[in-house]
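Novice: Here is what each chain is made of, one letter per residue.
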Amino acid sequence: MAEKDLLVALAGQPNVGKSTVFNILTGLSQHVGNWPGKTVEKKEGLYVSDGTKIKIVDLPGSYSLTAYSEEEKIARDFIINERPDAIVLIANASAVERSLYLLSEFLLLKVPVILALNMMDVAEQQGIRIDVGRLEKYLGVPVIPMVASKNKGIKVLISAIFALSGGEREYTPSIADVSEDHKEIFMELADILEPYIDPPYLTRWTITKIMEGDTDITEKMSRLVPADSWSRVQGLLLQHEDSLLAVVRGRYDWIEGAVRSAISEFKRGQILFTDRLDHILTRPALGIPILLGVLGLVFLITFGLGLPLQGFLESIMNSLATHVEPFLGQSFWLRGIIVDGVIGGAGTVLTFLPVLVFFFTAMAFLEDVGYMARAAFVMDRFMHVIGLHGKSFLPFCLGFGCNVPAVMGARILESGRTRLLTIFLTPFVPCTAKLAAVTLVAAAVFGNKALLISWALVAGNILLLGFSGMIASRFIFKRKHTPFIMELPFYHKPNLKTIGVVVWKRITAFIKKAGTIIVLFSVLLWLFSHIPGGDIESSILGVTGRAIEPIGGPIGLDWKMIVALLAGVAAKENSVAALGVLYGVGEEGVRGILPGVMSHASALSFLVILMLFIPCVATLVVMKQEMGGWRWFLSSFVFMIILSYLSGMVVYQLAQLPQLFLRNHK
Amino acid sequence: MVRMGIDIISLISLHEGEEGIIHSVTGGVGLIGRLASMGLTSGMRVKVVRNIGGPLIVTTNGTRIAIGRGQSQKIAVRRLTAAKEEAALR
Chain H
1 MAEKDLLVAL
11 AGQPNVGKST
21 VFNILTGLSQ
31 HVGNWPGKTV
41 EKKEGLYVSD
51 GTKIKIVDLP
61 GSYSLTAYSE
71 EEKIARDFII
81 NERPDAIVLI
91 ANASAVERSL
101 YLLSEFLLLK
111 VPVILALNMM
121 DVAEQQGIRI
131 DVGRLEKYLG
141 VPVIPMVASK
151 NKGIKVLISA
161 IFALSGGERE
171 YTPSIADVSE
181 DHKEIFMELA
191 DILEPYIDPP
201 YLTRWTITKI
211 MEGDTDITEK
221 MSRLVPADSW
231 SRVQGLLLQH
241 EDSLLAVVRG
251 RYDWIEGAVR
261 SAISEFKRGQ
271 ILFTDRLDHI
281 LTRPALGIPI
291 LLGVLGLVFL
301 ITFGLGLPLQ
311 GFLESIMNSL
321 ATHVEPFLGQ
331 SFWLRGIIVD
341 GVIGGAGTVL
351 TFLPVLVFFF
361 TAMAFLEDVG
371 YMARAAFVMD
381 RFMHVIGLHG
391 KSFLPFCLGF
401 GCNVPAVMGA
411 RILESGRTRL
421 LTIFLTPFVP
431 CTAKLAAVTL
441 VAAAVFGNKA
451 LLISWALVAG
461 NILLLGFSGM
471 IASRFIFKRK
481 HTPFIMELPF
491 YHKPNLKTIG
501 VVVWKRITAF
511 IKKAGTIIVL
521 FSVLLWLFSH
531 IPGGDIESSI
541 LGVTGRAIEP
551 IGGPIGLDWK
561 MIVALLAGVA
571 AKENSVAALG
581 VLYGVGEEGV
591 RGILPGVMSH
601 ASALSFLVIL
611 MLFIPCVATL
621 VVMKQEMGGW
631 RWFLSSFVFM
641 IILSYLSGMV
651 VYQLAQLPQL
661 FLRNHK
Chain A
1 MVRMGIDIIS
11 LISLHEGEEG
21 IIHSVTGGVG
31 LIGRLASMGL
41 TSGMRVKVVR
51 NIGGPLIVTT
61 NGTRIAIGRG
71 QSQKIAVRRL
81 TAAKEEAALR
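Order-wise, the sequence lines are chains H and A. Sequence positions in the first sequence follow this note's numbering and run 1 to 666. Sequence positions in the second sequence follow this note's numbering and run 1 to 90.
Hints may contain errors.
[Unchecked claim] Just the calculated beta-carbon pair ranges, DEER-fashion: (1) A:21 / H:289: 34 to 42 Å; (2) A:78 / H:511: 50 to 58 Å; (3) H:229 / A:53: 45 to 53 Å.
Quick caveat, the hints were computed from the structure, so don't treat them as lab data. Bear in mind the structure is a predicted one, so any value in this text is a computation, not a measurement. Where is the CB? At the ideal position from N, CA and C, for every residue including glycine.
Construct all of the structure, not just a fragment, from the sequences and the given hints.
Specialist: This is the structure:
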């Protein structure tokens with residue numbers, strides 16, 4: 001029998017192992033994009049079985065299906081509008097009650113649901129017994145026990161999908177009612193509203209949402225229902241202000257029934273591993289030093305292993321350049337574009353890959369085992385100072401690797417304001433490229449004091465992040481209280497596949513930018529620094545640099561340094577290369593020539609501005625995309641320019657004081 | 001703000017290790033719905049795991065949840081003292 005292709009939605013709350021299941025099912029066929037018009041990731045993939053294609057759409061993780069967050073709205077709109085053949089709801093077997101809440105919401109949408117109980121092994125270890133047969137009977141939906149991390153239960157799940165969508169399996173779900181005392185108002189509301197509810201919306205679901213006070217549906221219905229009927233609806237809702245609670249209570253009664261019939265626990269008092277670890281890790285006095293230690297270790301590994309590799313790749317790039325050169329013939333322009341633009345620009349950026357792979361692997365590991373949620377927890381009090389809460393700590397951490405995935409990482413934040421502010425502040429996290437450029441220049445100019453100077457710059461940068469946060473949260477993003485509610489998942493063994501997928505995603509985002517935007521900008525930059533005469537002094541960039549040289553006075557920069565900073569916008573490492581070109585020494589000679597041309601005060605000012613200036617173009621592009629408009633993006637842009645200029649000026653003027661002092665007394 | 005009776009207190013007043021039954025949650029529809037979906041709604045049993053400045057950690061329904069102090073104040077609970085007294089008697 002030739003069967004039609006199936007569409008299956010994968011749903012679940014956060015921390016239930018949903019992405020593990022998705023990765024097993026779809027493997028390499030997965031495609032990651034965005035939900036139309038949203039900055040929420042959309043993942044789809046194919047599973048092929050006996051010639052039937054199952055298209056699997058991974059719905060954003062959510063706790064419920066209210067319009068509370070964008071993710072939840074996307075999930076429910078997808079079910080309502082696309083009507084998939086089945087929904088697979090992944091639940092954590094050691095906390096089934098919680099997933100049942102989401103199940104009760106899905107069941108109202110009348111699309112067949114399969115409940116997949118994941119992490120059965122963990123539940124067993126915790127002394128939780130689930131009678132799958134009885135749970136199935138109570139809920140009226142297929143229940144599949146699974147251990148996705150060990151690939152157990154996937155086959156059974158697939159056959160359940162076929163059985164359900166093919167109608168071979170009876171499907172009569174039990175649906176949670178509103179609590180007894182509110183059934184009457186439910187019926188009254190249904191009487192008034194029913195004539196106005198059209199497909200794809202379902203009566204029972206719509207009424208429930210109205211009782212829940214769902215803004216989205218309420219607004220939709222208010223436009224459809226005649227004014228007099230609508231005022232009756234509002235009157236009813238006003239009389240029963242606790243309608244939302246009635247819906248919630250109804251669901252929990254239903255959940256309790258399920259738990260009573262099928263779940264038994266034996267060792268409730270057992271102190272779990274998580275309890276013991278959290279006892280230490282979430283106590284500020286211990287948790288914060290441990291967090292600093294863990295991050296220190298991450299950086300040690302990243303740079304200890306990554307930097308030698310980076311140097312190795314750099315020498316490969318250089319020899320690649322010398323090998324390519326002979327084939328490019330005599331054309332000065334072609335040679336410049338390929339060797340200095342493409343290889344020199346984007347190639348150098350790519351040499352940072354090992355550093356990023358180490359860094360993102362370490363971060364993904366910490367996320368996967370459950371540690372990052374604790375880090376967010378202990379950091380919460382500090383983040384409040386800058387108008388954010390703990391959850392923003394994760395994107396900031398990623399920023400130390402590369403700002404691009406950090407800006408995208410801000411998606412985990414529910415509130416739009418928090419997300420914007422986090423993105424706004426991300427460029428103040430010094431990325432590996434900035435750190436590399438800074439250490440190089442510092443080493444050249446300050447010799448044995450370089451390490452101290454670099455540390456001071458990083459510390460100052462982080463302080464300025466805090467300061468900018470305080471300013472921005474008060475004046476630019478008006479301070480509004482955003483609730484902090486975050487699940488702390490149980491600690492568990494790292495899953496290599498999940499970590500691999502996360503690292504792969506972040507790295508490819510970086511490579512794509514390096515391969516497109518950065519190549520383009522490196523080539524443009526080379527052209528601007530050579531047109532028309534072929535030398536940098538009389539080039540467009542050189543002329544522009546000299547034209548704006550007066551603004552460099554108060555910050556102690558000559559036009560070459562200004563141009564180098566501008567060159568850093570293509571990619572931060574370019575600043576060093578540009579200095580080499582401008583002073584006519586090549587990158588290797590920078591070390592020798594810089595002390596002669598840069599005073600300590602100028603060098604400090606240059607480094608401070610390098611740290612605080614607008615980020616590289618790759619970051620700018622994702623910032624614009626994720627901020628969803630010009631307004632915030634431009635205010636961020638202007639803010640960075642002003643702040644970097646002022647900071648450079650302060651540092652320059654201060655750094656000159658002791659010199660003047662010394663000179664006067666000599 | 002939550003109206004407190006004699007034995008109804010705000011979640012934030014529970015000490016570490018103490019348990020309570022949620023009496024009510026006040027606030028906007030968004031907050032109430034959100035907390036409910038995570039198991040923080042009237043009738044549910046919660047245990048405070050961490051409460052020393054900063055956000056609280058509570059467990060409910062087999063889940064650990066970190067929750068800001070502001071939100072904690074909007075959750076009214078009835079303290080469960082039975083367990084403590086039992087322990088004291090032993």
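Novice: Now look at each hint and say whether the structure bears it out.
Specialist: Hints and how they fare:
For residue 21 of chain A and residue 289 of chain H, the Cβ-Cβ distance of about 37 Å falls inside the hinted range of 34 to 42 Å, so the restraint holds. Between residue 78 of chain A and residue 511 of chain H the CB atoms are about 56 Å apart, so this pair conforms to the stated range of 50 to 58 Å. Evaluation of the 45 to 53 Å hint for residue 229 of chain H and residue 53 of chain A yields a pass: the beta carbon distance comes to about 51 Å.
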